[in-house]
Every structure is written in structure tokens, then in C-alpha cells.
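Participant: Line order of the protein sequences matches chains A and B. Numbering-wise, the first sequence is residues -16 to 480 according to the numbering used here. Numbering-wise, the second sequence is residues 138 to 303 according to the numbering used here.
Simulated from the structure, these hints should not be mistaken for laboratory data. Keep in mind it's a predicted model, so treat the numbers as computed, not measured. Ideal Cβ placement from N, Cα and C applies to all residues, glycine included. Any given hint could be a false lead.
[Stated by the list, open to error] Only some residues are given here: those of chain A computed to face chain B with a beta carbon under 7 Å:
1) -4
2) 12
3) 396
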Amino acid sequence: MKTFQQYLTTTEEIGFVEACNQSIVYVNGLPKATVQEIVMFETGELGVVLSLTRDQVEILLFSNYSVKAGTRVTRTGNKQEIPVGFELLGKAIDPFGQPLNENQTIEKAKISRPIDISPTGINTRAHIAQSFETGVTLVDMLIPLGKGQRELIIGDRKTGKTSFLYQTILKQASLGTICIYAGIGKKKTDIKKIESFFHASGIEKNTIIIASSSEDPAGIIYLTPYAAMTLAEYFRDEGHDVLIVMDDLFTHAKFYREIMLIGRRFPGRNAYPADIFYTHARLLERAGNFILPDGSEHAITCLPVVESVEGDIAGFIQTNLMSMTDGHLYFDVDMFTKGNRPAVNPFISVSRVGRQTQSPLRLTLNRELISFLTLHRKLESFSHFSAEAGSGIKRTLAVAERIFAFFNQAANEVRNLDLHIVIFCLLWSDYWQDIAKMEKDITVIQQTYKNSLEAQSLIKTLVSAAQSLNELLLTVRRQQDKILSTLGVQVVTVTNI
Amino acid sequence: MTQSALFDQIVYKLRTKTEVSDVLLCLDEFAKTFFSAKTNEEQQQIFEKLPKEIADVLIAHFATEKITPENQISMTRQVDELAAKLRACQSIQMTIAFQPDDAAIALFSDWIKANIRADLLIDLQFDKSIVGGLLLIADGKYKDYTVRKNLATKFQIQRDDIMGLL
């Protein structure tokens, strides 16, 4: 970046600060300033032009320090941009591309891209046809996602949203997807934890953290998700699929509200500015499945996060985001309290485009599971009549208990979906009666699968050959002993209830 | 003399922002005497602090339009309007490398009033570091015609030669 004097000499335009209200500065002068142009104060601070009036230029300051009246300002002639490039992989940066760690150095990127652009039209969009694995069995089986989908992650605080995001990033990074984590107004300790997690998991080469801390100026916090999306678009254009996580947009909305109220915009519902929907919609519309100029398809899958308050998913920002995304995963605090991990409520969660990406096998599995769990929900009221309930109801309740235990997954544990489809078939065939035995066997199976090429090949063959759940069930029942021995489980005799 | 004629007369004679500030101070002091026991002559003495040309105009105007208990309120409004107009006058900021004398100020001001606008004032700043020449700021535009800039440009081009000489 040039100095103030250099910009002044180049642009030959000057302004003088007339008033300063926290992060909004009113400047007189700068006749050729344009909206979203970066300006520089003689003290070195940067700002962006928010609006132009007849007499004044309204500037959003990117600094915690106020500027004094009379301070000189000049235009830079540049729009808000972020440097992009593969040298950013493995780094933690701020929305301007500067490293968050003072000790870290980043090779200077050759190109920069504007942070805030209009989303592309429908002619560059492709149908979402590829499935997107999160590594979380409950989500992959019941609420499947597709590459290019925007799925809202919603739930109260401390319900396991971040753990789910970690698992998804772990899974996708191991599959070669570029993962971008946008931390919006997070605590510095939280950002550090994420960085350490990526480093410890060995996936930092496929990840970028772009974050603003809670002590950063409102302007920088506001820019964070847009800068992250610009990075995602760069990697998409370079021929990679991208996962972008925005944690969280509720904080983003609050800071945007703060900026607009200071800028004396008329407050709307809940004091949010009238364009709050547009602010988020133009961001999320930049994700999707795209056709590149060379004819290839690459996707930006977006997982925006929003916090609900006391289970209220009908809040203003929450409903806004639900309407502009392709579904939502609801993290239920009641389920979390009962010990379900992840605490995703499959009845309230929705995936609008995930099913079209699924194979026939997964579709039938999904339908079967959903109908079974719906039945279980209706029968749950009989669970306290266990002594008097009929054998059918008892069986349903017992199987459901095993299914919930099957879906339980430790934080940071990432599962292979095909393997767990086969495990589910064993569960569905009543191979296990005891939950503790089932969990023990699953651990053994996972370990064997990880180390045995024969096991991996067997699972792949089984899953790819089956066109429906019934077909796979028949195959698994016929070859049960062989499958179990290949997966390292000691064969036991199965007795049906 | 009408309000606008008075303003035109004064602004034509005003050259710098400093002079405008002095006039505004005097007008403010003058307005404070309206509801006091001072005579008209005592009130007009306030303007004697200003340059003679401007003082004469103001004294002449308020000699003909005397302040009486009946017209005090309208006169207060008149003075406020005149002060507001003077505050709204635009200025051109000129930074030079020497402290100008009266003749130099008159030279600059006369040229600006004749060639740009009659009501344009000069905001003179003094900065030795520019060495010579002129730095102009007006209407948000910045023009650097200083010797400092020329020297810096030459240094950039002939950096190696100059460092060799040193």
C-alpha cells in the first residue's frame, strides 16, 4: 500500500474530516469519490466510502481509533480488495489478507479480487448433482447435502454446532476440498483453537482461516464473510470445489446493525436496517454449483451458522437466513441435554436439494429411516408402558434405541458413509441386540476398515452393486459371516426377536 | 443599503479567512450590544478594530440604519444573516513557503477575485518545508506546485547519480 502523500499526489483530491461518530466519519471534499472506494486518512487509517451526499462523503472507518476533525483524507482509487492465491492455504488472515499471527509471513499475492461483487447469473449455474459428505452419519443418511448447497446451521449456543463444522471440514479436507473458515467477531482464543485444530489434524494445507476478532472495528467484522466468499470464488475459478463456513451470521447482522444505526439509517424490525436481507442474500447467492468457462463444474458449498436464542428459530435473522438457504440443520438443545451427539433434530432439519444427489440405495435408505423414526416418534408415548406394550411396539422401541446409539458420534470423529451403510444393514437385520456390544463391534469394524484394503474393497463392491436398501439387506444377510469376518468381528449366532 | 448590497461590498473587500474571522467576531460583539445601554456611536466603535475599508462600510451602514428598541430584533436577524453568509463563503487554501506581507496578500486576492470569483477568499498557510512554490486546495482538489515535489521527483529519477555524488 502506498503512503498518504503518494495517494494525494496521484489522485490530486483531498477531503477534510468534518465530524466523526464512532466508526462513521463525515468528510467534506473528495469530489470524485465513489461508493465502496477505499480512502486513506493522513494518520494512516483506512476507510471505505459508504454513501455520498451533496456536501459530504460518509466513510466507514476501519480502525478503533477516532479521527480528529480537520484530518485530511484522500482517495486511493481502489475498491475493497483482498489478495488471493494458493499461498494463503494453511494461513490465518484478516479480511485484508494480512496474517493474524505477527510471526507468520505470507508471500505477497500476485492478484487481488474485489470483496463485494454481484452474484453471477443463472446461465453459469449448474444443477446440484454430487453428494456432499459431512462425515456425520446422522446428517449423511437422514439430511443429505449436495455440493453447491447452502445449508444453514442453526441452534442455541453450546449445542455442538462448531463440533459438527469441524467434522465436516475434516471430512471435506481429506477429500481434497478447499475449506475456508470465516470467523466473524470471534474471540481470539476461539480463532486460535480452530487454527490449532487444523494444524493438529494435518489438514491445514487445504484450509484457510479468515477471521475478525470481537475487538476489531465493526467495519472489519462486517467485511469478513464477503472477503471469505471472494477467496472461495478464486479457488472455484482455479478448478477446485470449496467449502465455506461462516460462523456466525447473527453476529454479522448485529455489527451491521450497529454500523447502520451510527450512520443514522432508519431502523426497521428489531432495529435492523431495511436492507439486512439483501446484505446476507447477496453474500449467500455467491455460493452454488457453477459451470466454468472451460465447461467443468465446480461448487462452493456454504454452511452459514446462526445462533438461536432459547430454541426460537422464528427470529428475524434466523427466518431470513432460512428463506435464502437450501435447508437447515437444527441443533436441538433438548437432544443435546439427553446426550445425543450430534444433537441434530432430523424432524425439524431440512435439506431441499440433497436428495437429488443421492444414489437409489441412499434414497431408499433415507426413506426407510425417516418413516421408521416417524413411527418411533408416535410410539414413544408408549415407552413408559414397557411392561404392557405389544411385542411389535417393543421391537420398534428397541431398534430405535440401537439406531440412536448408532448415530451417536464423538466430536472430531469422521465416518465413512459407505461403511456405515453396511453397518446399518447389519443393525437393521437385528445382528446386534445389545447396544454396548454393537458400539464395541463398530469400533473394531472402523479400525479394520481403516487398515484393510480388502475390507475397503468389499464395502465398495457391496454398496455400488446395490440399487436399493432391500437389495443390500438381502446381500448382507446372505454374506453376513463373510462380511463380519472381513471387518474383523467375531461371528456370533443371530437370533431374531 | 440592502442586506445583499452590504454583503457584496464587504466580501469584495475581504481577502483572507483570517479577516472573515475578525469581521465575524466584531459582528458577534456588535450584536451583544443591541439590548444594552450603549449608544449608537459606542456600538459602531467596535468596528474600528477591523481594516479601515471594511470598518467604513459597516459604520456607514449602521449609521444610516440606527439600532432602536423597535428594530432591535430585526437588526439582530440581519446581523445573523450577514454572519451566516460570511461563514458560508468558500475559500481556497494556499500554502506558501514565506510569510506574506500585505502587498503579497493583496496581489493574490486581487488576482483570484478578478479571474475566479469575487467572493472567493484565501486561506493562507505557511510551511517552510515546501521550499518554494505553492500548494493549492480548493473544492476537494489538491494541486502541488511546490519545489519540494519537484526535488523529490528529480531525486527519484536521478537517485543513483545523486547518491554517488554524496
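Participant: Under 7 Å, Cβ to Cβ, is where residue 396/A needs to be relative to chain B, so tell me if that hint holds or is violated.
Facilitator: 61 Å, violated
Participant: May I ask you to test the interface hint for residue 12/A with respect to chain B, counting a Cβ-Cβ separation under 7 Å as satisfied?
Facilitator: 3 Å, holds
Participant: Using 7 Å as the Cβ threshold, decide whether residue -4/A counts as touching chain B.
Facilitator: 6 Å, holds
Hint 3 alone, counting from the list given before, is not met by this structure.
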